[in-house]
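K.L.:
Residue numbers (our numbering), protein chains in the order written: chain Z, 1 to 290; chain R, 1 to 86; chain Y, 1 to 395.
In short, the hints are calculated from the structure, not lab data.
None of the values given here were measured: they were computed from a predicted structure.
For every residue, glycine included, the Cβ atom is placed at its ideal position computed from N, Cα and C.
Incorrect hints may appear among the rest.
[Said to hold, decoys possible] Distance condition first, Cα-Cα at most 25 Å in a straight line; then the derived DMTMM-like pairs of lysine to aspartate or glutamate:
# : chain 1 : residue 1 : chain 2 : residue 2
1 : Y       : Lys338    : Y       : Glu226
2 : R       : Lys77     : Z       : Asp181
3 : Y       : Lys328    : Y       : Glu392
4 : R       : Lys10     : Y       : Asp202
5 : Z       : Lys80     : Y       : Asp47
6 : R       : Lys77     : Z       : Asp211
7 : Z       : Lys80     : Y       : Glu158
8 : Y       : Lys238    : Y       : Glu226
[Stated by the list, open to error] Where chain R lies over chain Z, by a calculated footprint (3+ residues, C-beta under 8 Å):
#  : stretch
9  : 16 to 23
10 : 245 to 254
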Amino acid sequence: MSLLKPGHRGCAGCGDAFAGKFVLDALGEDVVIVSPTGCLEVFTTPYPESAWGVPWIHSLFENAAAVASGVEAAMNALGKKNNTKIVIIGGDGATFDIGLQAISGAFERGHDITYICVDNEAYMNTGIQRSGATPLYASTTTSPHGKVSIGNPQHKKNMPAIIAAHGSPYVATASIGYAPDMIKKVKKAAQVKGPTYVHVHAPCCTGWKFDSSKTIEVGRLAVETAMWPLYEMENGEVTNVRKIKNRKPVEEYLKVQGRFKHLFTMDGKNEGIKKVQAIADWNAKHFGLE
Amino acid sequence: MKLIIKTVTKPGSTRANKTGAWRSFMPVFDHKLCSKCGICGIYCPEGVVNKLENGYFEPDYEYCKGCGVCANECPKKAIVMVLEGK
Amino acid sequence: MRKNMVVVEGSYAVAHAVKVCRPNVISAYPITPQTHIVEDLAQFVADGEMNCEYINVESEFSAISALIGASATGARTYSSTTSQGLALMHEALFNASGMRLPIVMTVVNRALSAPINIWNDQQDSISQRDTGWIQLYAEDVQESADMTPQIYKLAEDEDVLLPAMSCMDGFILSHVYEPVILLEQSLTDEFLPAYDPEFVLDTKNPMSFGAFADPSTYTEFRYKQEKAMGVALEKIEKIANEFKDIYGRYYGGLIDGYVLDDAEIVIMAMGSIIGTVKDTIDELRTEGESVGLLKVRSFRPFPTEAIRKALKNAKVVITLDKNISIGKNEGALCTEVKACLHNTDNRVPVIGFMLGHGGRDIPINIIKKIINKAKLVEKGIFIESEFADLREDLA
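The task is simple: from the sequences and hints, build the whole structure.
P.N.:
Pasting the structure below:
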């Protein structure tokens with residue numbers, strides 16, 4: 001039985017719920033979870049209920065890394081740390097945007113914590129607004145496509161590289177579409193001493209607009225098209241890459257999601273898809289995925 | 001009334017909320033097609049597709065929201081989604 | 001000077017008081033004029049004189065956030081900040097109180113920007129009035145130091161469990177060298193019990209902190225915070241007396257009077273201005289003036305009943321505020337004192353004076369001028385509230 005208990009209010013087919021479950025599957029009971037504000041936080045803890053079978057704390061949106069720093073320091077001071085892992089599970093808004101300063105501080109100080117970014121590429125809890133993690137041309141409620149807009153105009157921020165630049169001993173990307181790989185990476189991140197980071201791609205059926213049964217399939221398509229490369233970095237160097245056999249064109253990933261539907265219907269659509277394909281091509285080349 | 005509110009009570013207490021009532025489609029497991037691989041159990045976002053003593057899998061319908069991921073992921077197509085009430 | 005006194009900086013006296021309270025986790029970010037406190041604490045840690053984790057965070061927001069995590073884990077926690085730093089903490093202050101975490105913080109009071117100004121007034125802590133933190137104000141360096149174990153004992157009381165600010169005026173108290181008695185470790189260990197909370201983040205007994213409360217449960221969180229403040233109101237006096245029994249020093253509980261009982265004119269104030277007011281009163285008393293002082297030590301919880309009782313013989317009440325609610329033309333103490341008298345038969349006039357903003361000096365003649373203005377009430381001329389120390393050439 002999972003340590004993330006049922007009865008939570010996540011949407012049917014929720015990617016965050018998968019991520020939360022896999023993290024606890026990887027870490028077991030000897031863990032303290034810190035959650036910033038976000039979908040996972042809200043839908044797991046409607047007072048007086050909690051879905052968490054492990055100690056858990058939510059404080060604010062932008063301070064989870066600092067809260068975790070305090071938990072770790074207190075456990076050290078009180079002699080309670082032993083092998084207990086302190087793990088943050090935060091969304092992309094809490095990680096890329098509002099919480100970045102606290103994350104930078106915690107990683108620079110070198111606390112023995114693991115940060116898991118559960119990335120569904122927009123502010124889903126507030127109604128699908130764009131974040132720094134929203135990919136190019138995705139239509140969100142604050143980056144809608146329209147007569148003069150092709151959707152979100154910015155590229156997704158390279159968060160793993162930012163974390164690696166802090167000197168983190170272990171940084172990995174993962175996907176809920178590859179559960180055993182993700183669980184292995186989360187375990188490793190928790191075992192490595194110091195501040196470590198796992199960036200989990202977690203498709204959101206509600207925000208990305210696909211059927212709830214396709215959550216895992218869409219996650220796999222992101223990997224198979226090289227839109228979401230899976231790799232590990234140790235002390236700043238890429239040390240392991242998940243290779244892709246027969247890389248698929250990005251259309252296969254884009255066409256199953258309502259947030260990219262306009263790319264297939266609007267004028268100049270080929271230009272848009274080409275630019276997205278260029279991102280995948282860069283990933284494939286940069287990480288040597290093929 | 002105690003002055004202190006426990007910030008939250010027992011772990012796992014969301015179990016009081018039976019999310020099975022959300023379901024429109026229900027997954028029906030066909031053991032004849034099942035290879036007992038367990039992928040349906042891994043890819044259940046509620047964590048409620050459980051292994052039975054005989055090695056087959058069944059969802060806990062009290063909580064299953066009917067998302068259909070298990071049916072979509074089953075390599076043997078041993079799970080079908082059936083409209084509730086039929 | 002008494003035999004066991006030493007001349008130290010105010011910040012050192014407070015840092016030393018923090019040390020003997022044995023906090024487990026300190027987290028702070030440097031900001032003038034708080035710096036000397038956190039530097040002294042860092043040195044204690046570096047010298048092995050404190051067994052605690054000291055987290056050098058990247059902002060005040062993370063300082064308070066780290067303590068939220070540490071306190072929830074069961075640690076005794078400490079921070080110090082001021083002005084912009086306290087304002088930056090604002091969101092997390094509500095959070096610490098709502099989660100009932102007894103974090104203790106020394107606020108070294110300083111003005112807020114703009115214009116940027118590093119000197120003392122009390123706008124910073126007053127602006128955090130409604131965050132659910134206990135706020136006590138110290139009059140001098142010794143009281144600032146002595147307030148530290150008192151406020152830990154108060155905050156950590158199992159029927160209180162609220163975070164608390166011990167407020168001391170920036171520079172005037174933090175950077176002044178005064179003869180003080182440094183708090184003895186043995187007496188402090190006797191006075192302040194170890195912090196052993198019932199609810200902590202513990203892998204053997206997992207609990208969830210900081211859940212989402214909907215309209216059906218939210219109100220009772222606020223109600224219980226308010227009830228806990230009510231308990232604090234009773235315990236402040238009790239703890240001040242326990243402190244007196246062990247250390248032999250007493251500064252009042254919620255309030256304190258100075259030649260108050262027969263005073264027709266009562267001056268109310270908080271913080272280091274108390275010393276100047278006392279000197280002014282001493283001079284005026286020799287001239288036969290009936291002036292007294294009501295020092296407010298606890299601003300949150302607000303001592304409504306104690307103040308009502310203390311003002312029952314007053315003919316005129318003067319409030320001195322080093323802060324302003326812009327748009328109300330009043331300082332917070334003025335507003336609160338008026339409000340606390342409103343539903344009583346006591347119709348004593350309350351006249352507000354705002355002064356000392358951004359560190360402007362408050363000499364005795366300003367206090368005398370204020371008293372003379374307040375006396376105009378007897379002639380039927382009433383002043384609601386005004387700035388007491390404006391420069392006419394700039395105003």
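K.L.:
Hints first: check each against the structure and report whether it holds.
P.N.:
Evaluation of the provided hints:
no., hint, result
1, Y:Lys338 - Y:Glu226, "21 Å, holds"
2, R:Lys77 - Z:Asp181, "24 Å, holds"
3, Y:Lys328 - Y:Glu392, "22 Å, holds"
4, R:Lys10 - Y:Asp202, "13 Å, holds"
5, Z:Lys80 - Y:Asp47, "24 Å, holds"
6, R:Lys77 - Z:Asp211, "18 Å, holds"
7, Z:Lys80 - Y:Glu158, "22 Å, holds"
8, Y:Lys238 - Y:Glu226, "19 Å, holds"
9, 16 to 23, "holds (count 3)"
10, 245 to 254, "violated (count 0)"
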